[in-house]
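Student: This is what each chain is made of:
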Amino acid sequence: MFNIDFTGEFAAFFVFSAIMICGAVLMISLEKVVHMVISMAAVFLGLAGMFVLLEAEFVAFVQVLIYAGAVSILMIFGIMMTKHQAAEREPAKPLHETLAAVGALSLFGVLFYAIRITTFPEAGNFNPGEDNTMAIGELLYTGYVIPFELLSVLLTVAFIGAIVLAKKEADE
Amino acid sequence: MDKYTQAAWIIPLFPLVAFLVLTALGRSYRRAGVFIGSLGSLAAFAMSLLILTDRLSGSEVDYNHSFDWIAIGDYTLRIGFEVTNLTALMLVVVTLVSFIVNVYSAGYMKDDERITVFYGYVALFTFSMLGLVLSDNLLSFYIFWELVGVCSFLLIGFWFTLPKARAAAKKAFIVTRIGDAGLLLAILLLFWYMPDHALDFTTIQSVFDGQSGAITNGITTLIALLIFLGAMGKSGQFPLHVWLPDAMEGPTPISALIHAATMVAAGVFLVARTYDIFQDSAAAMETIAYIGGFTAIFAATIALAQNDIKRILAYSTVSQLGYMMMALGLGSLTGGIFHLFTHAFFKALLFLGAGSIIHAVHTQNINEMGGLGSKMKVTAWTFAIGALALAGIPPLSGFWSKDLILSIAWETNPLLFVVGLATAFCTALYMSRLFFLVFTGKPSAATSGAKESSALMTVPLVVLAALALAAGFIETPWNGWFGGWLNDGAEEAHDSAVAIVASIAVGLLGIYIGWLVYGKRSVSSSALRENTPWLVRVLERSYYMDEFYAAVIVKPLKLIGSALTAFDIYVIGGIVRLTGAAVSTAGKTAARLQNGQVQTYGLAAVIGFVILVVAIVGRRFLP
Amino acid sequence: MLPSYLTMAAILFCIGLYGALVKRNAVVVLLSLELMLNAVNLNLIAFSKYGVAPSLTGQIFSLFTITVAAAEAAIGVAILIALFRLRGTVNVDEFNKMRR
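Residue numbers (numbering that gives the first Met the number 0), protein chains in the order written: chain A, 0 to 171; chain B, 0 to 622; chain C, 0 to 99.
Treat the hints with care, as some may be off.
[To be verified] Covered, in the sense of this in silico footprint (three residues per stretch, anywhere, with C-beta under 8 Å from a C-beta of chain C), are these stretches of chain B:
id : stretch
1  : 106 to 117
2  : 369 to 382
[As the list claims (entries may be wrong)] What follows is a set of in silico ranges between Cβ atoms, one per label pair, in the way DEER data are often shown:
id : chain 1 : residue 1 : chain 2 : residue 2 : range
3  : B       : 594       : A       : 100       : 47 to 55 Å
4  : B       : 617       : A       : 155       : 42 to 50 Å
5  : B       : 588       : A       : 147       : 26 to 34 Å
6  : A       : 100       : B       : 567       : 50 to 58 Å
7  : A       : 94        : B       : 580       : 19 to 27 Å
8  : A       : 75        : B       : 613       : 20 to 28 Å
9  : B       : 580       : A       : 117       : 46 to 54 Å
10 : A       : 147       : B       : 617       : 22 to 30 Å
11 : A       : 5         : C       : 64        : 41 to 49 Å
12 : B       : 594       : A       : 132       : 47 to 55 Å
13 : A       : 94        : B       : 619       : 28 to 36 Å
14 : C       : 86        : A       : 7         : 21 to 29 Å
[Stated by the list, open to error] Result set (EDC-like, lysine to aspartate or glutamate): computed pairs, CA atoms no more than 20 Å apart in a straight line:
id : chain 1 : residue 1 : chain 2 : residue 2
15 : B       : 169       : B       : 179
16 : A       : 166       : C       : 71
17 : A       : 92        : C       : 93
Everything labelled a hint here was simulated from the structure, so no lab data went into it. All residues carry an ideal CB built from backbone N, CA and C; glycine is no exception.
Kindly generate the complete structure, drawing on both the sequences and the hints.
Tutor: Here it is in structure tokens:
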């Protein structure tokens with residue numbers, strides 16, 4: 000079924016995916032929210048490793064920087080500022096949870112089935128460039144400069160919006 | 000000589016236009032409303048007179064004009080109008096009384112807030128009644144028949160703020176409906192059995208007159224009795240008379256117009272119009288005669304004991320209508336119509352006179368009146384003429400018509416002759432009681448300040464009094480002109496000396512006794528009450544007819560009604576509520592999904608998506 | 000190798016979906032959303048290497064996604080704080096007042 004060569008890439012992939020699945024499952028099942036965030040950070044780091052495997056070093060770097068760093072910290076701040084119950088309460092909606100589990104599992108089943116039956120064509124030759132960062136930078140500032148600038152606007156708007164939202168009530 | 004007759008269809012249009020204009024004008028145009036209403040009836044009256052001259056100048060043939068109204072398959076319904084001597088006479092009576100009542104109401108109703116509405120109703124009634132008279136077939140006749148019923152309902156309940164008026168209007172409508180149902184059945188039977196389903200009076204006449212045998216005797220009798228049931232309802236014959244006395248809750252001019260002169264006579268007119276059917280059935284004729292005779296004596300005895308001036312007159316109307324029916328049942332069309340003709344005038348006169356009195360003293364109880372004769376001279380004299388005409392004293396009109404009926408009864412049915420005589424005696428007695436109690440004696444508290452009514456009200460009285468005096472001379476024992484004219488040449492003169500002498504005698508006797516008791520007061524009026532209290536009570540309560548109906552018909556109907564209501568509320572309503580509850584429960588269940596929980600929405604979306612994908616992809620595995 | 004990466008992404012996505020649908024704490028729901036976005040990123044980068052026409056475009060797109068996700072996280076936490084001030088709770092099942 001899985002006629003996969005045990006290459007170095009596969010071994011690394013196996014390790015990273017083990018980390019990520021463990022982190023994700025812990026994220027779902029842990030009780031304390033802070034612990035959840037930490038296990039989530041493990042997922043982010045594992046993902047960054049996987050990006051490296053896929054020859055996307057710059058994206059892996061950004062992943063570590065933004066997700067494992069900024070977003071996790073942001074979430075921790077969010078937890079702190081809302082001083083919520085440290086522990087997740089017992090679920091009071093077993094039907095809802097069962098249905099959600101069934102839905103998620105069947106979605107996975109569908110996806111997995113689709114992945115299994117699909118015959119992927121032979122991959123072409125991937126050229127990440129001499130310097131991955133430089134190649135991405137060139138592409139970003141030539142072909143994708145308009146989306147890039149739009150994104151910078153989006154970030155500014157989000158930044159200001161976040162400040163306004165968080166600050167507004169404090170004045171009153 | 001049909002130059003005016005051709006345009007007879009215009010007559011009902013005058014009051015119809017008046018009604019439409021009055022309705023459009025609204026309540027603020029009070030004087031204009033009175034003027035328009037009177038003008039409409041005056042124009043109709045003038046036109047009717049012209050048509051009468053046409054008929055009098057020797058038109059032998061009935062004028063009929065009709066057109067196709069509805070064609071269903073190979074059946075065509077024609078409607079139109081027909082002018083015969085009978086309808087010409089009725090036209091004049093209806094329009095004349097209507098015009099006089101219009102003028103009179105200008106005085107009687109002048110302080111009423113809704114006088115314009117009143118005039119509108121009166122105009123609508125006049126239109127319906129004229130349409131009824133002119134109809135050439137039973138179907139349009141029936142339509143107008145119901146229309147006059149509606150107008151009667153509206154006008155009895157004109158002062159609808161009074162609970163009694165409301166109840167009386169409802170009662171009149173419902174009781175006459177019983178008769179109307181009979182008439183409808185009769186029309187349906189006729190439609191079924193007549194050759195070509197013809198419903199026009201001409202064909203009916205020829206089918207039944209010619210003894211063609213197209214319709215068997217049993218069916219003829221059934222149709223005749225059903226038609227008579229309709230006539231009973233409208234003309235207040237026993238046992239459907241109970242609505243007429245209660246109808247006196249309406250304005251007095253209406254009592255004169257609808258419930259004395261015209262609408263109640265429509266039943267008599269109906270029988271006269273379809274007389275050929277009745278003549279084919281001896282059983283039906285006998286039924287009419289006996290019911291008429293019984294109604295006459297029955298109502299006359301009740302009238303003896305009533306204290307309300309209008310109720311006395313109402314029972315008197317019932318009694319006189321009984322006379323007319325009796326005449327018709329005894330085979331004399333002339334007698335019935337002649338009495339209808341004279342009665343219209345003197346009974347309208349009596350009602351309008353009563354209205355004048357009520358207007359002056361603001362009570363209807365004759366025991367509270369007295370001594371009005373010197374204060375209201377015109378009213379008193381005209382009322383006396385009307386009362387004498389009703390009592391049948393020669394040479395007033397009532398004498399001639401009553402005498403004709405009694406003569407016929409003497410010749411054909413001695414039992415009914417005795418009944419008629421007794422009725423005549425009672426009539427004279429209660430009219431003299433009424434007259435002496437109201438106009439002679441000492442003024443009471445109510446009458447001390449009474450004044451004669453205005454000219455608008457007294458002039459109509461004088462006109463009607465003149466008619467009540469003179470109208471009888473068109474048919475006397477030695478002059479059968481009216482009968483000949485009405486029956487197209489076939490005279491039926493009756494001159495029975497016995498009847499003349501007997502009717503004069505009982506009339507004078509009744510008046511003399513009335514004078515002794517109530518005028519001279521040499522006989523105590525309470526003697527009868529002391530000796531036979533039960534008799535007086537029975538008469539005062541109208542033989543307990545209302546109570547009888549309440550116990551026998553109204554109560555069981557109400558019981559069935561409440562049972563059905565319960566069925567409706569608990570069974571039908573239960574089903575309805577169950578349906579409603581089921582739907583609303585389903586709605587609430589569906590609404591619970593819309594609980595604002597974003598995660599539930601998301602879950603639904605995911606499941607839906609999975610199902611969608613599985614459904615689309617799963618098709619691959621199907622053969 | 001591509002199916003392995005895609006399967007991995009599917010696993011991450013479904014775990015994230017389950018967390019987003021079930022968890023009551025809004026912070027955890029936000030985290031689950033991030034997980035789902037990361038699964039998408041993994042797909043993009045896997046295709047950028049093993050796809051039919053490998054190129055750097057997939058990486059560029061994942062960069063954009065990361066940026067948008069960061070903005071989303073910032074806004075999400077800000078809204079959370081505002082809601083918490085207003086309602087005194089971060090439980091998602093109590094944020095249901097939009098229906099009235």
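Student: For each hint, tell me whether it holds in the structure or not.
Tutor: Structure-based check of each hint:
no. : hint                      : result
1   : 106 to 117                : violated (count 0)
2   : 369 to 382                : violated (count 0)
3   : B:594 / A:100: 47 to 55 Å : 20 Å, violated
4   : B:617 / A:155: 42 to 50 Å : 47 Å, holds
5   : B:588 / A:147: 26 to 34 Å : 50 Å, violated
6   : A:100 / B:567: 50 to 58 Å : 53 Å, holds
7   : A:94 / B:580: 19 to 27 Å  : 26 Å, holds
8   : A:75 / B:613: 20 to 28 Å  : 40 Å, violated
9   : B:580 / A:117: 46 to 54 Å : 52 Å, holds
10  : A:147 / B:617: 22 to 30 Å : 43 Å, violated
11  : A:5 / C:64: 41 to 49 Å    : 32 Å, violated
12  : B:594 / A:132: 47 to 55 Å : 49 Å, holds
13  : A:94 / B:619: 28 to 36 Å  : 32 Å, holds
14  : C:86 / A:7: 21 to 29 Å    : 52 Å, violated
15  : B:169 / B:179             : 15 Å, holds
16  : A:166 / C:71              : 17 Å, holds
17  : A:92 / C:93               : 14 Å, holds
Hints 1, 2, 3, 5, 8, 10, 11, 14 from the list above are not met by this structure, while the remaining hints are.
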